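Engineer: Single-letter residue listing:
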Amino acid sequence: MLLEVKDLHAGIEDKEILKGLNLVVNAGEVHAIMGPNGSGKSTLSKVLAGHPSYQVISGSVTFDGKDLLGLEPDERAREGVFMAFQYPVEVPGVSNSQFLRLAYNEKMKHTGGEELDPLEFNDYLKEKAKIVEMDPSFFKRSVNEGFSGGEKKRNEILQMAVLAPKLAILDETDSGLDIDALRIVAEGVNKLRSADNAIILVTHYQRLLNYIQPDFVHVLAGGKIVKEGGKELALELEEKGYDWVKGASNAS
Amino acid sequence: MSTTALQVDTAFADEFRSLIELEPDPEIKVARERGYKAFAELGLPTPRLEDWKYTDVRTVGGRQWAVGSSSSDLVDAHLLNQFSAERNGFTALNQAFGAYRVVRIDADESLPKPIELHFEAVDGEAIFPHVIVLAGAGCKATIVETYSARAAAFTNSAVQVFVAENANITHYRVQRDSADAVNYGVTEVLLGRGSRYDSTNINLGAALSRHDIDLKFTAEGGEALVDGLYMLGGTQHHDTHSIIDHMVPNCTSHQSYKGVLNDKSRGVFNGKVFVRENASGTDAQQSNKNLLLSNDARVDTKPQLEIFNDDVKCAHGATVGQLEEEELFYLLTRGLPENLARNLLTYGFAEEIVNKIGIESIKAELDATVLNRLNAKI
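If you read the protein sequences in the order shown, they are chains A and B.
In this text, residue positions in the first sequence follow our numbering: the first is 1, and each later residue adds one.
In this text, residue positions in the second sequence follow our numbering: the first is 1001, and each later residue adds one.
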């Protein structure tokens, strides 16, 4: 078991948003977490990544045998958790390659791998950039600054490729993407998918799942998972709408 | 006049007498006498003056300085007269002791190499460089002005830049005096029709420093970028006062100043932008952003726009704060330890200005200095 979330209650500013969430993810699996606005999808991503504004009220999260909630955000990242942001942050004055090399080398320090100097890293980065069809001219530019919405999302997947996490949480990575950008991002994720890692796709729409086929679909409503199934559940949801599961949640 | 000013007055009096007796050039002699007279009246500025409220220069008056060479090029009287010696006690003193140098760039000439102005005062020395740059019509050139006093020295400089019609001047000013030094400098710029002036002012050194900038658009179509960085630690004090004067229509000025303040350092930014009554079509943007890295650091910022015309595009703003929490969280989620993440963000904040410098050797050196200040390897 790579990730086990048990009876998680969490929220922001004294407002409880997750109300007893359970989730198990194994290596090699792709899970989609779907749900209407306000269901707690983004809260789950942020709690797993360790955002300081979110508080855990009760419950536990075990990642790769460790108590994830006891780790700082940077420790989680070095242990192998990665979150692709819905709104990637711009970091003016810091070049993409500088930033990525620092992050890569910190991870290598932690895992006992080999650190790379700027020239070596540049070669490594060029290879990884092909995965998301990103031009090397982006390496020298400040992180996300002046990037279009699609370029920012591609940059997130490039970071995922560079850091090779055990668990990647893609928080609404499909939002704001046109069809070409969505295809590039999704193909990038598919290339990074392996038997050793797991991916959690957090999304409102089924559209992304046409490109990245999940093994499991979980439907979140009112801070809990109310329905689970295979990839066909996403299609059913698309057809019937979220009111269908809201009804199920009320009935249960 | 305060006792401090009197003390300095007498300290420089002997030096001035021997200088003026030997001055060979009658026109410079007149200018020196005028400057000294103004200094005798003004004295050194005191914090009682509004423009010097936060900047106390008593350390300058508190000791005896050995005045460096004042030998000068020949200068036309009308150029000497254009300098605002009466601006304050420092500019008056510069006029009196100035080592005048004239740099001419011919019309339509494009200089392949930068003009280098380097000033390095030694311990106990007071130097008064005064450079007049005459940039001919349609010329293109880069000025690199650097200060690196080696110890407790006093640099009092003046640079006048006359940018003729359609000339294009890039001006880098880097002040990295020793942490014991005092540095005062004024930059006066007059911009002609359709000319362009792009400046980057980096203030890293000195115990006490102040840079006054006075830029005037004298004909339409001028464009100016006036950017800067002050990065301070210990008990350093830096003050930038700038005046950008849109006297005529259809000129553009963009000013971005940033401050990074650590320990008990203190920064002052005062930026005035005037848009005169007839200056329609003006585009003036001004911003001053400060990052405080310690609870004991302090900055006083005052961006001011004074607009006397409606047909303009103007904006200004100032911020004082800590690092953005969302930016920090983003870097943490990529596995950077908090200390490194903070350093990287601070570095990025400063680099936005340093990156403007188009000369690789200077930029690399400043990069290294910024990192060294942060005690970081990036």
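Please keep in mind that the hints were generated in silico from the structure rather than gathered at the bench.
As the structure is a prediction and not an experimental result, all values here were calculated from the model.
Using N, Cα and C, we set each Cβ at its ideal position, and we do this for glycine too.
One should not assume that every hint holds.
[Stated by the list, open to error] Derived list of chain B stretches under chain A, where covered just means 3 residues or more per stretch with a C-beta under 8 angstroms from a C-beta of chain A:
hint: 1; region: 1329-1338
hint: 2; region: 1350-1363
[Claimed, not checked] A few chain B positions that, by computed beta-carbon distances, are all more than 12 angstroms from chain A:
hint: 3; residue: P1047
hint: 4; residue: E1086
hint: 5; residue: R1150
hint: 6; residue: N1343
hint: 7; residue: T1346
Engineer: Confirm or reject each hint.
Structural biologist: Hints, one by one, checked against the model:
1. 1329-1338: Three-residue rule met by the region 1329-1338 of chain B, so holds; n is 10.
2. 1350-1363: holds (count 4)
3. P1047: 34 angstroms, holds
4. E1086: 40 angstroms, holds
5. R1150: 30 angstroms, holds
6. N1343: With a cut-off of 12 angstroms, N1343 of chain B comes too close to chain A, as the shortest Cβ separation is near 10 angstroms.
7. T1346: 9 angstroms, violated
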